[in-house]
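*Asks:* Could you slot chain W onto chain D? The hints should help.
Spelled out, the chains give:
Number of protein chains: 2
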Amino acid sequence: MSEKLSTQPYKGTRDFYPREMRMRNWFFGVIRHVLERSAFEEYNGPMLESLALYAAKSGEELANEQTYNFTDRGDRRMAIRPEMTPTVARMVAGKMGELNFPLKWFSIPNMYRCERPQRGRLREFWQINVDIFGCDGFEADLEVISSAIALLRAFGADESMFTVRINNRRFFNDVIAAIAGTDPEGSRKVSKVIDRKGKIPREEYEKELRELGLSDGQIAKIDALYTMDVSDAIALCPDSVGAGELRQLFDALDRTGLRKYCVFDFGIIRGLDYYTGTVFEVFDNAPENNRAMFGGGRYDNLVGLFVKNAKVSGVGYGMGDVTLEHFLETHKLMPASFDESVKVLVTRFEDVPYDRYLALVDTLRDADITASVYLGTKKFGKQIDFAVKDGYSHVLIMGGDEAARGVVRVKDLNTREECETTPDGVIALLKDKQ
Amino acid sequence: MSEKLSTQPYKGTRDFYPREMRMRNWFFGVIRHVLERSAFEEYNGPMLESLALYAAKSGEELANEQTYNFTDRGDRRMAIRPEMTPTVARMVAGKMGELNFPLKWFSIPNMYRCERPQRGRLREFWQINVDIFGCDGFEADLEVISSAIALLRAFGADESMFTVRINNRRFFNDVIAAIAGTDPEGSRKVSKVIDRKGKIPREEYEKELRELGLSDGQIAKIDALYTMDVSDAIALCPDSVGAGELRQLFDALDRTGLRKYCVFDFGIIRGLDYYTGTVFEVFDNAPENNRAMFGGGRYDNLVGLFVKNAKVSGVGYGMGDVTLEHFLETHKLMPASFDESVKVLVTRFEDVPYDRYLALVDTLRDADITASVYLGTKKFGKQIDFAVKDGYSHVLIMGGDEAARGVVRVKDLNTREECETTPDGVIALLKDKQ
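Keeping their order, the protein sequence lines are chains D and W.
In terms of the numbering used here, the first sequence opens at residue 119 and continues consecutively.
In terms of the numbering used here, the second sequence opens at residue 119 and continues consecutively.
Looking at chain D on its own, in the form it has when it is part of the complex (with noise of 0.2 Å):
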């Protein structure tokens, strides 16, 4: 091949070199812990998966454009996964008999999704799904958003950065009947208009609405809507069962202490296909940067699609791992290293036999410490530049007087400090800074 092919990755996609993979273990490994503490159980699915279970979740038109696809040798139209849910449906599904419900269930997939790449939006992305099924109770919306905030603040975040904007399904379809006085499929009519609110211009949003039969009174007392906190909103039409819900929610968030990372909005509503109860979306508080993170809810029973007659209730969100890097940017929530704090290299003289480094580095992992000896026979110096250039703490020093004597020289590489010790001694001194 006289032909060089390209060092850049997939248009979308990212390379994680050691310096952003450490970043990213950190960073996942922050989640799966503040996870798991809460009793979420990971689990994982495969990246492919049949097309037809994105066409039954979203159509079949919108599953074809969004995903990877292509037909296998099997005859087969498989996607590439680009969202979770339909897997984790699929996964209940197949042991409805066997699971111990409610299940507190979390996965970090990697899925891909093909649009064009931009800003916060990329091809190839990782997607933190929390989700419990088999509890139709407050109790389970609660632990899910509970879970959401506890995952910001376990990076550091607090109530100045971030809001869960919380709006009810129900809720929203009884008040807007209650407000507009329609019957079901008028109130639907009418939701569809307040859907797009922010999307379409003020005056084709009233227009729309007065066709529908609605008075500017009635309009304006939508408008008001988005204003309200929530018990004046659950005033409104204080019998819905979707006001009852609300009313729950809140109660609990108050009693609990996460009232202060919570408000209600009558903006948030997330579609109007598949969210049937809570719904919520996690805001940056940032001036630059405020908009809807992620989000999620309560959404009827997607098990459906799999066993007749099964109803398995869900609440869940599915956060991006671009989207929360880029909010820990924002507002400098990253360490500013992920160094280990002890990493040795063994430098290496020619006139000592190689295996008495090899023992040395051999006593250090055995003592759980990241050790290596450098490989090759490149001089003191440059093997010292090597040491600072890849975030190594100390490098152990054994030239032939040291071999003889049975000691080494440790030298911090950040004080720049040196002492000499027995191999045992440098155990001690080490562990001591881990």
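Quick caveat, the hints were computed from the structure, so don't treat them as lab data.
Heads up, a few of these hints could be off.
Pairs count within a copy or across copies, as identical chains cannot be separated in the list.
[Claimed, not checked] Here are the computed lysine-lysine pairs in the BS3-like style, where the Cα-Cα straight-line distance is at most 27 Å:
| hint | residue 1 | residue 2 |
| --- | --- | --- |
| 1 | K426 | K122 |
| 2 | K496 | K213 |
| 3 | K529 | K325 |
| 4 | K500 | K213 |
| 5 | K426 | K175 |
| 6 | K122 | K497 |
| 7 | K429 | K497 |
| 8 | K426 | K129 |
| 9 | K496 | K129 |
| 10 | K315 | K429 |
| 11 | K307 | K213 |
| 12 | K450 | K496 |
| 13 | K529 | K549 |
| 14 | K426 | K529 |
| 15 | K507 | K529 |
| 16 | K507 | K549 |
| 17 | K213 | K426 |
| 18 | K497 | K213 |
| 19 | K529 | K429 |
*Replies:* Chain W alone, transformed into the frame defined by chain D:
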């Protein structure tokens, strides 16, 4: 949709329910820990790469046949990665000037191969990739082989369970040339026959060698190589560069105590076109499963596919997760349980305010104890059943009476012992068992 979707994962792929996922997290955790302690650094790259990458390494036909590939909307021929080497070569080539050689890198990517699934061979699998780039000496070969041994030992395997079979491709070429007395072109032809030794009938093997001019005596000399120890083999062409490399490596294995895991095996060739120096395969010693689990070796300049006149040597191996799990099962090296030692379910009664339970759970989580409140309102007995089935180690019980007195009862689900204490007492009690 009246037609229900299948709940089966795609053929040759696996669902990881929480039980399997705990096993995998343990499994990859052990691997990460061993490699990180040896100062290998983790990296990762995209699941999708240009098909040309695999074609350049393995030929158009094999790349096409072996990968899931398709044309994207920008008319690029893309493949789901079937291996990691082309990606890592691309990444190294992409930052040649910045990287701090020698690199000690590892990765645990998921990948796909388009082949008929069979025992130990799946379409989706994970592969532990370990490589050292930019060190030409035997030190890197030794470090790579030593890391493979350290990985298996970390799982509890010893020299009775596996053997590292080692050869050297330069030595192979030299000794064949020495015995056959052929020119380079002739030796290459002889090597091609020898590479197929185990795959063709003995008669055909001999016939083909005779056609290339080898006598029965020469064929017998080649046969003898397969049972020789390393020093006898080296004695056949002591001045060859490959013999020198073999000697250096085996000397170091002797001096570092790794020799007991290793043997010289002239039968290890690993294809003719890729490897250039040390080659090795790790065999399972179990009689019912005596075969190569994984292998690797020193390879020439892959980076040259991307950068003109660049040369970065590499030595490494790739180990599949399915094979390694199978080895651990065969030798009974899998832990009996992956349950956490302390995992607490706070049971719930409706006469106690829910937030009292949530506060208790928060206290536990803040103390880094895995805890959840029971989500729902089922009877106490059902809550205990749930806890037992889900691998909880303890339940906390706080009925109206306990709540009024500010105490909780702790029940150990293994011993069935119960005691009453304060919330602080619970933490002390459980931290002790963690």
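*Asks:* Between K426 and K175, at a C-alpha cutoff of 27 Å, which is it: within one copy, between copies, both, or neither?
*Replies:* within (16 Å within a copy, 49 Å between copies)
*Asks:* Is it within a copy, between copies, both, or neither that the alpha carbon of K529 lies no farther than 27 Å from that of K549?
*Replies:* within (15 Å within a copy, 38 Å between copies)
*Asks:* Up to 27 Å between alpha-carbons, please classify K507 paired with K529: within, between, both or neither.
*Replies:* So K507 and K529 pass the 27 Å test inside one copy only (15 Å; across, 53 Å).
*Asks:* Give the relationship of K500 and K213 under a CA distance limit of 27 Å: within one copy only, between copies only, both, or neither.
*Replies:* between (59 Å within a copy, 20 Å between copies)
*Asks:* How do K429 and K497 come out at 27 Å by Cα distance, when the copy is not named: within, between, both, or neither?
*Replies:* Classified as between; 21 Å across copies, 69 Å inside a copy.
*Asks:* For the identical chains here, do K122 and K497 meet the 27 Å Cα criterion within one copy, between copies, both, or neither?
*Replies:* Answer is neither: 34 Å inside a copy and 68 Å across each miss the 27 Å cutoff.
*Asks:* With identical chains, the pair K450 and K496 could be close in the same copy or across copies; at 27 Å between alpha carbons, which is it: within, between, both, or neither?
*Replies:* neither (40 Å within a copy, 44 Å between copies)
*Asks:* With identical chains treated as interchangeable, where does the CA-CA distance between K315 and K429 reach 27 Å or less: within a copy, between copies, both, or neither?
*Replies:* neither (33 Å within a copy, 60 Å between copies)
*Asks:* Go through the copies and call it for K497 and K213: within, between, both or neither, with a Cα cutoff of 27 Å.
*Replies:* between (62 Å within a copy, 24 Å between copies)
*Asks:* Cα distance capped at 27 Å. Does K507 pair with K549 within a copy, between copies, both, or neither?
*Replies:* within (23 Å within a copy, 40 Å between copies)
*Asks:* Could you place K496 and K129 in one of the four classes (within, between, both, neither) given a Cα distance threshold of 27 Å?
*Replies:* Intra 39 Å, inter 51 Å, cutoff 27 Å: neither.
*Asks:* State whether the alpha carbon distance between K213 and K426 is at most 27 Å within one copy, between copies, both, or neither.
*Replies:* Classified as within; 14 Å inside a copy, 54 Å across copies.
Hint check: violations occur at hints 3, 6, 9, 10, 11, 12, 14 and 19; the rest are consistent with the structure.
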